[in-house]
Amino acid sequence: MSTAAPVQPTGPGAAGPAPLPGAAKRAGESPLRRLPIVRHVRQAVGLQRGMLLGGLVICALILLCALFAPLIAPYGFAQMNDANGDFGTQQAPSAAHLWGTTVGGFDVFSRVVWGTRTAVFVIVVAVTISLIIGVVLGLVSGYLGGWLDRILVVVADAIYAFPSLLLAIVMTIVISGGQSKVVGGVMAAAISITVVFVPQYFRVVRAEAVRLKAEPFVESAQVIGVSKPRIIARHIYRNATRNIPLIFTLNASEAILTLAALGFLGFGIEPTSAAEWGFDLNKALSDVTSGIWWTALFPGLAIVLTVLGITLVGESMNDLNDPRLRLRKKPRRSRRARAQRARTGRTAAKEA
Amino acid sequence: MTASVEVPELAAGPVKKSPRSPSGLGRYILVRFLLIIPTVWILTTLVFFLMRITGDPITASQGGRLTQDQLAQRVHDAGYDRPLIVQYFEYMGRLLTGDFGTTVSDHQQVTKVLADYGSATLELVLFSLVVAFAVGIPFGMVAAKFRDRWPDAVLRILAILAYATPVFFIGLLLKLVFGILWPILPVAGRANTATELLLGGVINPTHLYLLDSLRIGSMSAAGDVLRHAVLPAIALGLITAGTFLRLVRTNLIGTLGSQYVESARSRGVSEFRLVTKHAYRPALIPIITVMGMQIALSLAGAVLTETTFEWKGLGFQLYQYIQARDFVAVQGIVVMLAVIVAVTNFIVDIIVAFIDPRVRY
Amino acid sequence: MAEEKSAAQQAPLLTIDDLDVTFSTDAGEVHAVNDLSIAVSPGEVLAIVGESGSGKSVTARSILGLLPDTAVVDGAVVLAGGSVLTAGPAALRRLRGSDAAMVFQEPSTALNPVYTVGWQIAEGLRAHNPKLGRKELRARAVEAMEKVGIPDAAERYDYYPHQFSGGQKQRIVIAMALALGAKLIVADEPTTALDVTVQAEILDLLRELRDDFDTAIVLITHNMGVVADLADRVAVMYRGDLVETAGVRDLFASPRHEYTRSLLAAVPRLASADIASTTAPATTAPEARVQTAPEAPAEPARPDAAPLVVAEGLEIVYPGGFGKKDFQAVGGVSFDIRPGEVYGLVGESGSGKTTIGRAIAGLTRATGGSLRVFDHEMVGFKERGFRPLRKRIGFVFQDPAASFNPHLSIGECIAEPLAVHRADISAADRRRKVDELLDAVQLPGDYAARYPHELSGGQRQRASLARGISLDPELLVADEPTSALDVSVQARVLDLFRELQERFHYAALFISHDLAVVDMLSDRIGVLYRGELLESGTGPQVLGSPRHDYTRRLIASLPVPDPVEQAARREVARELRAGAR
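Residue numbers (the UniProt record's numbering), protein chains in the order written: chain V, 1 to 352; chain L, 1 to 361; chain S, 1 to 581.
Be a bit skeptical, because a hint or two may be false.
Computed cross-link-like contacts, DSBU-like style, restricted to lysine-lysine with a CA-CA straight-line distance of at most 30 Å [what the hints assert, rightly or not]:
#, chain 1, residue 1, chain 2, residue 2
1, S, K391, V, K213
2, S, K131, L, K145
3, V, K213, S, K183
4, S, K391, V, K228
5, V, K213, S, K131
6, V, K228, S, K183
7, L, K277, S, K183
8, S, K131, S, K183
9, S, K131, L, K277
10, L, K277, S, K433
11, L, K312, V, K283
12, V, K213, S, K147
The hints are simulated quantities; they were obtained by calculation from the structure and are not laboratory data.
Start from the sequences, fold in the hints, and give me the full structure.
This is the structure we're talking about:
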């Protein structure tokens, strides 16, 4: 063995004592198969597999919809008229307007399609920024401890216990609520949601870092005299972030719900700057009592579907990560085959 | 608070002689109570500075309507042109005396707003909790017991659906169905005008309409209040029930797989009793902790529900003030809600302490 | 007394015929038990022995029909005339507890933390006698608690599990079986989680149950000493197969199967275990060692050289935090470790042995007295000043599964000390060094590329040793390095440890709860009890003529893998315990 230190495990050598059962199987896997989602799909069985695949399909649809919104949507999100003149307000679904038009005279179908863009953008920005900040703070705070840690924990706990929607409201006021409109509406919403999620990532990563700090493999690095930055980077980081994909999905769905709630409360994005489902629902509030159902139903269903897709993926990943909750294939072999195997096994044992 | 020192080897002495030390519990309650203070302080400070970084509330609400001079005069009169740190200490001082400020738009004491509308929100949250507990806990038990079989599959999908649906969308659907398609229930407000008038005459009102109706002995009023509460309570309650169901299911699966349940099973205890006694009670500790947090968080859901059903509570009021850009009121209500959340979590911790013998003794 | 009963005349209480169990796991299907057949008579103690993965626990669980859903079971289990595997839920409930009861390995997890122990004992009674009144339930539960030796049972009825010690919790679990009048007790490693002195008491209790109530016991264990102490008949399992069944004396005297022989040979034995001298303290000089002890140098190597570690009145206190009392783990301990010698620290849980090892390596802060490591004062030490000395200390941890970073290959883990302290050597030289180290611990060179989860426990512990000695340390601290391993694997790792020590001549602090293991390896032994060093000296001194009662009790409580000798030792241990009360 004189090759460079390998990054991926290679297959077990032909010689040498047998490793743990199952180790050989895992060792033979390609790195692609060890990626979170891919590994989960391969592991899943029955209902868990159905939930995971269903969620993944929905997520893929949403992403495609966001990507190709200009091709799918017949009109722009702020478009109120075309060559035939104004769309008219509160028009029932028709051939020209599949899902009708809103009280403001927009095409419902187009706005729902364009809304996926806003949703995906907010998820990506909010979750990514909060992830980076949360992970860095959590690692440093958890491993080093001391005063910084204590202050951060108290602050994070206080924010965590606070209804996230209220905090997001405050943040939106801060960012765009003064008279200025420095940052765009979508970005403002994304940043507000970021602030809400930072404490969540911080808490999870910090708890993991604190747990790992007492693990023998970290202590053995300490005994050797490995420096703190090296311990954090080499030993804590990879192991502390194993739950991140899970929180990512759970937070993504919460981000959508928070965005919709902000829009519903009137913190939304102006209809002329982007399409946002929560804002449209707010405008549909008065329609419902007069029996106009299409302005509320479709944006609402879009929210439900998006959150459903992401949550299904997150939930089944959660189950698969937890050995207590994971389903396994039942052994399916006839009594005879087993007896056969048992007999050969026994003779082998006797020969040994 | 979380910086505990790990002790690798603990003395396994004979019998730990620590039966019933009430001082231990009292001490625990005191410590937990004192921990409310930094939480509330951090949140009020945070909210104060965040809200004031971008400008003063008068400019925010009256910006376009007054001339520059009038605006400057009003800002000066209210003291908003002084250094922020001075205003902060003054604000904190006022908070300590129970003064949460005066709204800009309708010149109300924020505390008065809270007193008038807080009980409406409380009533809504209580009604929705009845729905949440009645649906979430038994179905959570069923899902855990029939884990990975069809009842579990159905219940889990429903729970995820409940989580995925924004409360205002459920609200809108309920309004559509019961207001238009099959109009059997009221879809807005807390009571009919007649009932409102009747209850307005109550001496020393609690503003909890159901309680007030019962106090004056009007069954028709009580019935009317309940009819109005059905849809909002279902909308908010179902969302919370979904969370409760998942919570009960996960924790019960954990304790059902534990050695002590296995041990009880090995002594012939029935499966029903294993779920409802042996597994349920230990699972209750994490369940209650998270539920407490969830109840606090359902205040946010209440804001949305009240807006949807025109339920004249704190949330509806908050929505109105947001529309009016009255940030003194928004700040006051938000800070008040922070206090309520902190106190709720404190109470939950005390309940847990009474359930968990390891904390009690 | 463990008279071997003539069980043949009686109708068997339990018959297992062709039991076959398969599990589905993440790693595919695992055949846990292969067509196993065995019977147990009333009043008989059958020990099922085997190492991890032998299927002994699965067999135990199938007796009560307690296998998880992932198991596919074939064959027949007949308990007191009823078939267990084909029984419906109601019939299963009836037989569980009254026909056979189970005692679990970890008493603290077998008791529900949020109910009183009395309620839990009564719960079993309630399940089988729904008509019993509250008073009657209580009376019967208290009676059972008294029978298993819980003092003040009437008052303790209302206590919660966390208010009892580990041994008492196990007594309560046994009381649950007793209260239901179970004719058969299935005890799955009932003493593995307990200290050796407590283990002796629990084994006595189980024996009394058998003698007084004619209760049959199926004892699942990996500990041959426990087998010798309690069993009438022994069944040896290996990888799901029953390889040998024999009476206990026959088995120990003349094991027939190859595996049984190797298992017995692997058990560490107390070399200086002359029980007579321990009963009559310090009358005569210790007699010659019963068995050939490892060739330890009579005198520690280079006695004139300055000691590497000197502890004088060492105190280690864990601060209690908010509202809790400080916890003194170590109080006033003095000892030294000289170059090239192996110093063994032995003690039960809570004795502070691990804490001392961690303090020497700078993982735990020494708080009082003096602890000098390479002449560096560890009380109030600063990491910066100590870091240069770290390369002179190696450390081997207890849990081989947790002591390697799962994301780094074994080679990277072993090379890490080199990367940190010897930045001068090239990557190629480092790899060569890793190869040498792997060779030294008898692992193939290509293991450098493997990941920790691909190695077995014993292999990981070898790799851990390789990492510990990678910088040619002068001192190696080994904290229970073999207690997580099976006995045959342990024997090989201990051999390796001794061999490496003789080859590289480092000094070592060897920490263990197992007196026999410590005696096997150490030049000198220190006995710790609740943070105090009771005595210290060479193996023959400490074990041959112990000065302290606790040491005597510790020695006498350790069951030896020899039924005849163990019967004699048991009496001694009982007397010592009686004297201690």
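Q.
Holds or violated: K312/L and K283/V, Cα atoms, limit 30 Å.
A. This hinted pair holds, its Cα atoms lying about 19 Å apart.
Q: For the pair we were handed, K213/V and K183/S, check the Cα-Cα distance against 30 Å.
A: 48 Å, violated
Q: Decide if the proposed pair is consistent with the structure: K391/S and K228/V, CA atoms, cutoff 30 Å inclusive.
A: Between K391/S and K228/V the Cα gap is close to 16 Å, so the pair holds against 30 Å.
Q.
K391/S and K213/V were given as a pair; does the straight-line alpha-carbon distance stay at or below 30 Å?
A. Measuring from Cα to Cα gives roughly 21 Å; hence the hint holds.
Q. Within a Cα-Cα threshold of 30 Å, do K131/S and K277/L meet the stated pairing?
A. 19 Å, holds
Q.
Please verify whether K277/L and K433/S have alpha carbons no more than 30 Å apart.
A. This hinted pair is violated, its Cα atoms lying about 59 Å apart.
Q. Are K228/V and K183/S close enough, with their CA atoms no more than 30 Å apart?
A. 59 Å, violated
Q. Are K277/L and K183/S close enough, with their CA atoms no more than 30 Å apart?
A. Given pair K277/L, K183/S holds - Cα atoms ~27 Å apart, limit 30 Å.
Q. Does the structure keep K131/S and K145/L at a Cα separation of 30 Å or less?
A. 27 Å, holds
Q. Has the given pair, K213/V with K147/S, been kept, meaning a C-alpha gap of at most 30 Å?
A. Distance ~45 Å between K213/V and K147/S Cα, so the pair is violated.
Q.
Hinted pair, alpha-carbon criterion (30 Å max): K213/V, K131/S. Please report holds or violated.
A. This hinted pair is violated, its Cα atoms lying about 54 Å apart.
(Q) So if I understand the rule, the pair passes when the alpha-carbon distance is 30 Å or less; does K131/S with K183/S pass? (A) The hint holds at about 22 Å.
In summary, the structure is inconsistent with hints 3, 5, 6, 10, 12 from the numbered list given earlier, while agreeing with the others.
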